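Chains A and B, in that order, are what the protein sequence lines are.
Mapping of the first sequence onto UniProt numbering: residues 1 to 277, in sequence order.
Mapping of the second sequence onto UniProt numbering: residues 1 to 301, in sequence order.
Don't take each hint at face value.
Taking lysine-lysine and the DSSO-like style, the derived pairs with C-alpha atoms no more than 27 Å apart in a straight line are [as the list claims (entries may be wrong)]:
hint, chain 1, residue 1, chain 2, residue 2
1, A, 120, B, 78
2, A, 110, B, 78
3, A, 93, B, 188
4, A, 93, A, 78
5, A, 32, A, 273
6, A, 24, A, 9
7, A, 42, A, 93
8, A, 140, A, 110
9, A, 24, A, 78
Don't read these hints as lab results, they were simulated from the structure.
Here the structure is a predicted model, which is why all the values come from computation and not from measurement.
Residue-level listing of the chains:
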Amino acid sequence: MTNTVLEAKNIVRDYHVAGGLFTKARTVHAVKNVSFSVERGKTLAIVGESGCGKSTLARILTLIDAPTAGELFIADKKVDIAHAGLPPEMRRKVQIVFQNPYGSLNPRQKIGDVLGEPLKINTDMPASERRDRAMTMLQKVGLGPEHYNRYPHMFSGGQRQRIAIARALMLNPSLLVLDEPVSALDLSVQAQVLNLLADLQDEFQLTYVFISHDLSVVRYIADEVMVMYFGEAVEYGTRDEVFSNPQHSYTKTLFAATPRADVDSIRARLARKKTAA
Amino acid sequence: MSTETTAVPPKATARPGAVAEFWYYFSMNRGAVLGLVVFALLVLVAIFAPLIAPHAPNEQYRDALLTPPIWWENGTAKFILGTDAVGRDILSRLIFGARYSLFIGLVVVTFALTSGIILGVLAGYFGGWVDTLIMRIMDIILSFPSLLLALVLVAILGPGLFNAMLAIAVVLQPHFARLTRAAVMAEKNREYVVSARVAGAGHLRLMLVTILPNCLAPLIVQATLSFSNAILEAAALGFLGMGAQPPTPEWGTMLAAAREFILRAPWVVTFPGLAILITVLAINLIGDGLRDAFDPKLKRS
Numbered sequence: 001m002t003n004t005v006l007e008a009k010n011i012v013r014d015y016h017v018a019g020g021l022f023t024k025a026r027t028v029h030a031v032k033n034v035s036f037s038v039e040r041g042k043t044l045a046i047v048g049e050s051g052c053g054k055s056t057l058a059r060i061l062t063l064i065d066a067p068t069a070g071e072l073f074i075a076d077k078k079v080d081i082a083h084a085g086l087p088p089e090m091r092r093k094v095q096i097v098f099q100n101p102y103g104s105l106n107p108r109q110k111i112g113d114v115l116g117e118p119l120k121i122n123t124d125m126p127a128s129e130r131r132d133r134a135m136t137m138l139q140k141v142g143l144g145p146e147h148y149n150r151y152p153h154m155f156s157g158g159q160r161q162r163i164a165i166a167r168a169l170m171l172n173p174s175l176l177v178l179d180e181p182v183s184a185l186d187l188s189v190q191a192q193v194l195n196l197l198a199d200l201q202d203e204f205q206l207t208y209v210f211i212s213h214d215l216s217v218v219r220y221i222a223d224e225v226m227v228m229y230f231g232e233a234v235e236y237g238t239r240d241e242v243f244s245n246p247q248h249s250y251t252k253t254l255f256a257a258t259p260r261a262d263v264d265s266i267r268a269r270l271a272r273k274k275t276a277a
Numbered sequence: 001m002s003t004e005t006t007a008v009p010p011k012a013t014a015r016p017g018a019v020a021e022f023w024y025y026f027s028m029n030r031g032a033v034l035g036l037v038v039f040a041l042l043v044l045v046a047i048f049a050p051l052i053a054p055h056a057p058n059e060q061y062r063d064a065l066l067t068p069p070i071w072w073e074n075g076t077a078k079f080i081l082g083t084d085a086v087g088r089d090i091l092s093r094l095i096f097g098a099r100y101s102l103f104i105g106l107v108v109v110t111f112a113l114t115s116g117i118i119l120g121v122l123a124g125y126f127g128g129w130v131d132t133l134i135m136r137i138m139d140i141i142l143s144f145p146s147l148l149l150a151l152v153l154v155a156i157l158g159p160g161l162f163n164a165m166l167a168i169a170v171v172l173q174p175h176f177a178r179l180t181r182a183a184v185m186a187e188k189n190r191e192y193v194v195s196a197r198v199a200g201a202g203h204l205r206l207m208l209v210t211i212l213p214n215c216l217a218p219l220i221v222q223a224t225l226s227f228s229n230a231i232l233e234a235a236a237l238g239f240l241g242m243g244a245q246p247p248t249p250e251w252g253t254m255l256a257a258a259r260e261f262i263l264r265a266p267w268v269v270t271f272p273g274l275a276i277l278i279t280v281l282a283i284n285l286i287g288d289g290l291r292d293a294f295d296p297k298l299k300r301s
């Protein structure tokens, strides 16, 4: 078995928009010919503006939607949910964490049930063992056993995102797709969650596909970076390559558009303002 | 739920905070509380009918036909609300009639709710042609005046209390199906549903365990309002001779039998009518209160 956890070859996803009475049916190409591969324990960051196909790609990688064309290999096994269906052991290998921690937890489910549900569905583990595992996982993500019997509405955004991460890890997946996992959180909590993700990656040898539009976050967590623009992967390389020497014009624009908040650049901006005034 | 770490109750009671909050908003609505009190009294009356009623509901006092109520001229304390044309005590019949009305409401709402939820969840969850098929059938049912459709159904099935209940359930059921479908469609694409899917939940689990509990609030309100609707329609069918058959002490049937005496002995018509009015009003008030308590937009914080 090689070290490649995820490999995508020429993934294409089209959406057919049905025509109305006066409009023609048309096809939207959400993802065009995207190929990449991720090795065990590494993080691939997918960057791009809103509507460029990032989340569509995430849904394909988590085996929620089928690609229109192209091949997807998970742990060197070809997955084809459109025709061959999805074997349950594949389902366990890929899990997802969503952007909005307020929408991704069932409001009527206690945290314990949220964490136990994947085990309940996928294994025939007795309830006591499920509880023990959920408790352990709660502690791993920095929450306590006293949170086991609480409902999602009793938690803050950062805590909820930890719960969502814990749920994703319950089945010991090898690949975790993180769909903008920190963009709904405030900055200090972002840092906590990112550190947690980094720790968990070391502990479980997890592979991340990290979707984001926040370049500072990407610079912190990514090993490889793929830049998407209108459904195409316009740039793909290691983090240092992409950040130090962007090739595509869109990538350059993207980097230039990142607001800078370090003290030096703020001073420089104020100085510029002063001279202009 | 404080700092206790080891002893986790296997099944704790439903959110106490939520119940308290619900009661707070519900009790803000005076009418709803009044309705609840009246309804509770009605339930007690129905349960203990044989103990409360002064006479048997079908016993005919041949020497006391059309006796007026107690505060009228010639009224006697033996028949507080008077007697009807064949000498049966109206109060006792009303008390026993409460059993029928509540039973009708309960059975009809259970039927309509169950079938409506099943159809609505299927339509909302699967969409496509399943949705189209189910909802067009619902539209057809809704396009008939409800009482007329119930009448037709009873005419086909044959008059009787059970057939009347069945017909009313069929007529009320599209409302539940529509409501469920709308709620399921709204919840279906929420991220927690996708999460459950990624966790491996099948269709049945997604529909019943993940989505349905989050759609219940509007359904509870609709169920309450349908409860009174069912009583009203059963009374109407009874009045038209298609519902409960005499001598059943059902309120609508009592009204129908008393129609001839509306001028000579108005009390025979008045009291069953009042009973229906008060019951339906009480339940509608409860339904309004429930809607206010469940609707986050109406909450004052």
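request  = List in ascending order the numbers of the hints, as given earlier, that are violated by the structure.
outcome  = 1, 2, 5, 6 and 9
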